[in-house]
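J.: Line order of the protein sequences matches chains R and L.
Taking the numbering used here as reference, the numbering of the first sequence is continuous, increasing by one, and the terminal residue is 606.
Taking the numbering used here as reference, the numbering of the second sequence is continuous, increasing by one, and the terminal residue is 242.
If you are wondering where the hints come from, they were derived from the structure by calculation, not from laboratory data.
Treat each hint with caution, since some may be false.
To be verified - Quick list of in silico lysine-lysine cross-link-like pairs, DSSO-like style, CA-CA up to 27 Å:
{"no.": "1", "chain 1": "R", "residue 1": "K100", "chain 2": "R", "residue 2": "K68"}
{"no.": "2", "chain 1": "L", "residue 1": "K234", "chain 2": "R", "residue 2": "K562"}
{"no.": "3", "chain 1": "R", "residue 1": "K477", "chain 2": "L", "residue 2": "K168"}
Said to hold, decoys possible - One-sided and incomplete, this derived list gives chain L residues near chain R with beta-carbon spacing under 7 Å:
{"no.": "4", "residue": "L90"}
{"no.": "5", "residue": "Y193"}
{"no.": "6", "residue": "V207"}
Unchecked claim - Covered, in the sense of this in silico footprint (three residues per stretch, anywhere, with C-beta under 8 Å from a C-beta of chain L), are these stretches of chain R:
{"no.": "7", "region": "215-223"}
{"no.": "8", "region": "283-290"}
{"no.": "9", "region": "316-325"}
{"no.": "10", "region": "445-452"}
Every residue gets a Cβ at the ideal spot worked out from N, C-alpha and C, and that includes glycine.
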Amino acid sequence: MAQQRTAIWEADLDEDFHDVDLNLAIGNYGQNGLYNDEQPRIDEATILAVQQQVAQQAALAQVPDAVKRFIVHFHQAVLDNNLPEITVAYESGWNRLTEKFYAKTEWPEAEVIAPLVNDDQIFLILYRELYYRHVYSRLQPDIDDRFHSYENSCELFNYLLNSDGPVPLELPEQWLWDIIDEFIYQFQAFCVWRSKVKSKTEDELMLLADASQVWSSYSVLNVLYSLIQKSKTNEHILALQEGKSQEEIAEIVGDYGVRPLYRMLGYFSIIGLLRVHSLLGDFTLALKVMENVELNQKSPFTRVTACHVTTYYYVGFCYIMLRRYPDAIRTFVSILNFILRMRQYHTRSYQYDQINKTADRMYALFAICTALSPTRVDDNISNIVKERYGEQFAKMSRGDEGIPAFEELFLYACPKFISANPPPYEDAELLQAHIEDPPMEPAQRHLSLFLSDVRAQAPVPTLRSFLKLYTSLDATKLSNFLDADEEEMVQQLMVMKQASRSISRVDGQKGLLSGDMIKTSDLDFVIDENMVHIAESTVGRRYAGWFIRNTEHAQRVLDTLKNSPLPIPPRPAKPAQAAKTDAAAPAAGTPKPAGQKVAWGGVKVA
Amino acid sequence: MVSATTWATPTTRTELIENLVSGVDRYNPSNVGILEDYLYHQIRSEEYDCLANLAILKLYQFNSDLYNPDVVINILIKALAALPFPDFNLCISLLDERPAAANPDEPDPLPSLLPVLQSLHNLLQQCRFPAFWTLYRSEKAESLRDNYTVEVVGFENAVREVVVRAVKAAFQRIGSQRLGSYLDLAGDELSAYVEKLGWTFDASTGVVAIPPNPDNQIESTVVQENTQLPQLLKVIAHAQAA
């Protein structure tokens, strides 16, 4: 308060109010109530404006110099479209200063730092994008933050899509992905927050009743589809697949699509749609929007690791909901192997934690898939799954009694489902009914559908374990073993047969929805009237993979040894200790080589 | 269904519908009529287009004022016969919870019929075909039969197709009585149906033989390891470099 009063003097000297209107519209959202009881006066707005600007100048004075310098520098980099500088500011500068100054508080508001960047509205929109992202990830966003971050996203996309022609902005790919990713995250967070009626204050209830368009599903989809259409992303992908030349492609994609900013936003928006449709429970449409995208390591979207991982997670999950377990397994194996390989390079990346969390959920989904569709799978991945989810996996492979384990892993690993529509905030009566009899949560609805699939094939593991013991067997005898009614058991055999077949994508097929019927189980059987005949496909022992992996490993070890400098002889300053090491070395080897010996021994056993 | 391609794009789908299903016009509420008409066309002419029907449910999901329970029930009935494929649950996933019908004069039939439809679906999915027919013919499903499935041309035969898919994958020969209980057919009707399928009925033994198909022929195999050159690339490249 004291600061505000002293600063009024400064404000009197400063007559420059030209930007104040905008600040009022955006910055004063939740404070209107303060002045309601006063008589409306013509110049009230002016007074408010003065007070506000005064407060802002005071606030700017509080901003640490390092942050000021950073913002000025960042702004210049954006003005110059200097991608390397923007990348440094975005990926390291911002995070470093966050740790130092804003670990537990907001960054300065955009209005406060506006003078530093000559009131550059575009930069301020980008700044707010970061500002709100910080609020969402580190702090508790309140209703104003939620509404304002939506408004800011709208302003950003409006600027990108509705300016005269493409805008001359360039941003790093990582940031572009983060813009789309964060937009959907905030949408999803808002939907979840909105669905919890009971915890809302009077003010929040009022605001929500009026704001049915804020973060509506339609508005979010509209942004994503518009970005795809404006940059002609699908046309671009098809042209690339047809092997068109650079000039032809430039012709096809037009003014927007040739610019990296729009091209990448278009790509990322397709992934965004995949995600939004999954969150809304439309798994078919989610895969359909990916129709033209090729899932391989060469696709442009894989250049941003977070995008790569997100894509595979949602594609894999949709396949589970389409009961295409082999496709889901293939998707997860591919990305999990990728994550394992890149682990050595990425441990310090600020996204590493996030990627690791998603990976862990995919291991859980992988466990679910292999329990439902037992197949011979990648050793690397299944070993990790055994380590992390061994207990659940064992339960899930036992049919009915495994249901709680399925439930646990599904709820842990599924996307954060949302419902498309808000509770009826605009109608007090309906809202009351809604509170008294709340609808099932979206995640629970999808869980119960998934579990109905699981239950339908619950008898399979038991049947399988019996059939494995025979090459042919009388149906009556089998039903006696199982202590079951023969007719019932024959019906279960049909279920087992169907569970051992699945639609799966075959190499070279276009579109994630396409696929042919394949056999997924190594155990097959057929019923000839009352005799069950069983055949098992066995896989001969595999040596090649093991030898290749270990040869490569040996080569790496050899390379490292060759490239490492010769050991520096111990300094004579501490002769006693040096002598000790010297003495130990020839005798039995220092502890380090001994450790290595164990490792080699372990390999031999495996 | 052997290939998912015909499922995603049935040959019977017109260009108009294809544009709606694949384009952004699918979100335009004023197109719901076209898609609903197409659904009724499917019902009359024994066609089926899952993605087009999902597009209707999507419009209902976003615009609750469009919601028409009769359409939803018909979509679910059509999806029943798509088993063992997951169409039915894919449709249910799009049915967000909605407040009870605002108009008490026209009670929403879906809440009372949905449990029946789900039970029927579960029985079919678990290949408990005789139980399916018992429930379907029972009093519980009366309203479903009298008001809905009666309008769906060939509904019972479509369910029999589900049975046929399951039986021909699992059996080489099957007792005619058992088959009859799965198909809810007996006597001449059964023999006519079996004949139409191209299966052979031996009257003396009462056994139906099912011609060989990829799923009812089994053999034990040993899969041998097959090393591809690309797997060895790193090793060879290293040898070269060394």
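J.: Run the distance test for K100/R versus K68/R: straight-line Cα separation, threshold 27 Å.
T.: holds (14 Å)
J.: Should the interface hint for V207/L be scored as holding, given a Cβ-Cβ cut-off of 7 Å against chain R?
T.: holds (6 Å)
J.: Is the hint on L90/L kept, meaning its closest Cβ partner in chain R is under 7 Å away?
T.: holds (6 Å)
J.: Is K477/R within 27 Å of K168/L, Cα to Cα?
T.: holds (23 Å)
J.: Has the region 445-452 of chain R got at least three residues whose CB is nearer than 8 Å to a CB belonging to chain L?
T.: Check passed, 4 qualifying residues.
J.: Per the coverage rule (Cβ-Cβ under 8 Å, at least three residues), is the region 215-223 of chain R covered by chain L?
T.: holds (count 3)
J.: Compare the distance between the alpha carbons of K234/L and K562/R with 27 Å, and conclude whether the hinted pair is satisfied.
T.: holds (18 Å)
J.: Three residues or more, CB to CB closer than 8 Å: is that satisfied between the region 283-290 of chain R and chain L?
T.: holds (count 4)
J.: With a C-beta cutoff of 8 Å, work out whether three or more residues of the region 316-325 of chain R approach chain L closely enough for the coverage to hold.
T.: holds (count 3)
J.: At a threshold of 7 Å, is the proposed contact between Y193/L and chain R supported by beta-carbon distances?
T.: violated (18 Å)
In the structure shown, a violation is registered for the earlier hint numbered 5 alone.
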